[in-house]
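S.K.: Protein sequences, first through last, are from chains A and B. Convert by adding 3 to the 1-based position in the first sequence; the result is the number in the numbering used here. Convert by adding 992 to the 1-based position in the second sequence; the result is the number in the numbering used here.
Hints may contain errors.
Said to hold, decoys possible - What the simulated footprint calls covered on chain A by chain B, stretch by stretch (three residues with Cβ under 8 angstroms from a Cβ of chain B suffice, anywhere in the stretch; the number is not a length):
1. 6-13
2. 27-40
3. 54-68
4. 91-101
5. 105-119
6. 126-140
Claimed, not checked - Every beta carbon over 12 angstroms from chain B, so not counted as near; a handful from chain A, in silico:
7. Ile83
8. Val148
9. Leu151
What the hints assert, rightly or not - Pair ranges (Cβ atoms, derived):
10. B:His1280 x A:Gly142: 53 to 61 angstroms
11. A:Ile26 x B:Leu1410: 50 to 58 angstroms
12. B:Ile1008 x A:Gly142: 18 to 26 angstroms
13. B:Ile1471 x A:Ser30: 20 to 28 angstroms
14. A:Gly68 x B:Val1362: 44 to 52 angstroms
15. A:Ala85 x B:Thr1046: 36 to 44 angstroms
16. A:Ser128 x B:Ile1471: 54 to 62 angstroms
It is worth saying that the hints were derived from the structure and are not from the lab. Every residue, glycine too, gets a C-beta built ideally from N, C-alpha and C.
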Amino acid sequence: MSLVSKDTIGGFFTLLLGLSVLIFSASTLPVGSLTEMGPGFVPVLLGSLLFIFGTLIVILGVRTGSSAITPSPLRSTLLITASPIAFALLVRPIGLAMAVFAASLLTSIASPNAKLGMSLLISASLTILSIALFSYALGVPTPLVGSLIRWW
Amino acid sequence: MDIISNLSLGISQALIPTNIWFCFIGVLLGTLVGVLPGLGPTATMAILLPMTLTLPPDAALIMMAGIYYGAQYGGSTTAILINLPGEASSTVTAIDGYKMALKGRGGPALVIAAGGSFFAGCVATLVIAVLAEPLAQVALEFSATDYTSLIVLGLIASVSLARGSLLKALAMVALGLTLGLVGTDVYTGSARFTFGLPGLADGLDIVALAVGLFGVSEVLRNLEAEHTDSVEPRKIEGLMPNREEMRQSVGPVLRGTGLGSILGVLPGAGALLASFASYAVEKKVSKHPDQFGDGAVAGVAGPESANNAAAQTSFIPMLSLGIPSNAIMALMAGAMLIQGIVPGPQVMFQNPSLFWGLIASMWVGNLMLVILNIPLVGIWIRLASVPYSILFPAIMIFCSIGVYSISSNELHVISIALFGLAGYILIKMDFEPAPLILGFVLGPLLEENFRRTMLLSDGDLLVFIKSPISLGLVILSAIVLVIVALPAVRKKREVVFED
């Protein structure tokens, strides 16, 4: 039995989240009463529920024991998560085409056995495919070339 | 009879060329994405959801429904031919279906699965047509008190019948309800959890939440697993089942259809439960139970019919009561909300052509499924063996552009990354994201009815057990909770959901 397991960590985060919701809504929103509920009433209720559920999950997890958390591949997780963010930040300044290319390059190098040449090839074909599909076939009005580049 | 006039209204609606077209596109895209490895129906629907938003409401819903059964059926194809079930409910099909494929009977297995599904789909559609209206009539009479209890029952029942820890599922419902609070409070107009961001005033975007939780986090999860890249698909020699196989599948198809139609209406894991139950029943009634696991025709025909029937009848609670019973129906409800249609009993009466058109389109869609799947099976199989290293960049790009194309809002695209990461972390701790999306969709409805009840009853909580309808629903919720918490049942439940 270990204190660091799926249930104890998960439950702990749940109760922490419940507590934050509870404190945040109780201190910033008028709670009111059952007869006249303010906007904070239901948030306080849900925060308490989350807190209770989280506590129970931790207690049961400690008592019965649960499996350990398997480690995640940090590199691929970060790269995959970065991809939509990169797309969002790039699409206006440099346009759809290059934003797609950058975002797909980020994902395609995420796989542990990725090779750069192959990743470039995948990203280039995905870029062409998405432009054909979204810009031409579906008529998405996002400019292919961004404002920053055109302005030059 | 009413049903006949309703259905003929629906059929005339479903046969409008644009609706046929979008039904076709939906089934095609659903199958296309559904056969890809690692993408079940929920992920498929989440990823394709943005594409339906620009359509008129009836076409959008017909297309979403088409995507659903397309994806569902696509999962069965890969289960049979390459032992790669796209989703939980076709894991059962893989047991005997893949064995049949190994024996060179893959073609007949596919035809039996398609035929069974088609039959089940037709019957289940009829069940919806018969049941939906009386149920909605009852629900229309519900007061805010009754409706509050009904939503609570819906949430509790759907998490109880789903897989995994009950406590964690309840926590996820509470989290979903909490996320549903973000935005402007309808009663007082005050901002809640918006942290001063104007983009959050209308609440979290359901498309971004769904794409993140079911699309992006699925990619993250899949990348973690070891990938045995591309399985060499079996050659298919001949499609038609022989007389013996036909004879063996009649009974299972009928029983599966009945079982699935009933189980699908229950909240929670309708299709999944139905296919497991049907497999167990077929094994029990069979004269040769030893053949199960070794390519028994009944082991394909029964579960496939059952899960398709259940997939169809799981529309009933959402369409007639406004209460989605699983993540897929929550996405359907989300699509309706985006179209400005609040799911609930009133839809059928205020918007009969949309409602009956959607139901009749299920027939059209099921027919298209058969037409698309049998002749094109070679293409689907080739798609199923696309290596994941090419697939996941495409999924990610599709998610990003899809979400961006709706409103050109960068914040929504960034949030799919955050929701995706959050969903992935939750999955790692064995918290399933499905109850979260249910809570998110039902949250505003629950709060509104709860607050109205309390306002009308002067803050008297006992009102929930004073109204007879509400009392019945409260008792039912309590029974469900107690039953699931019983140690004996809990063990059984774990066995049922064991893969």
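S.K.: Now, for every hint given, state plainly whether the structure supports it.
M.R.: Tested hints:
1. 6-13: Result for this restraint: holds, n = 4.
2. 27-40: Held - the stretch 27-40 of chain A has 9 residues with a Cβ nearer than 8 angstroms to chain B, which meets the minimum of three.
3. 54-68: As far as the stretch 54-68 of chain A goes, the hint holds, because 5 residues have Cβ atoms under 8 angstroms from chain B.
4. 91-101: Our answer is that it holds, as 5 residues pass the Cβ test (under 8 angstroms) against chain B, meeting three.
5. 105-119: holds (count 8)
6. 126-140: holds (count 5)
7. Ile83: 6 angstroms, violated
8. Val148: 16 angstroms, holds
9. Leu151: 15 angstroms, holds
10. B:His1280 x A:Gly142: 53 to 61 angstroms: 57 angstroms, holds
11. A:Ile26 x B:Leu1410: 50 to 58 angstroms: 22 angstroms Cβ-Cβ, so the 50 to 58 angstroms window is violated.
12. B:Ile1008 x A:Gly142: 18 to 26 angstroms: Holds: the Cβ-Cβ distance is about 22 angstroms, inside 18 to 26 angstroms.
13. B:Ile1471 x A:Ser30: 20 to 28 angstroms: Between isoleucine 1471 of chain B and serine 30 of chain A, where Cβ atoms are some 38 angstroms apart, the hint is violated.
14. A:Gly68 x B:Val1362: 44 to 52 angstroms: 49 angstroms, holds
15. A:Ala85 x B:Thr1046: 36 to 44 angstroms: 28 angstroms, violated
16. A:Ser128 x B:Ile1471: 54 to 62 angstroms: Because 56 angstroms falls inside the window, the suggested range holds.
Against the hints set out earlier in the document, violations occur for numbers 7, 11, 13 and 15.
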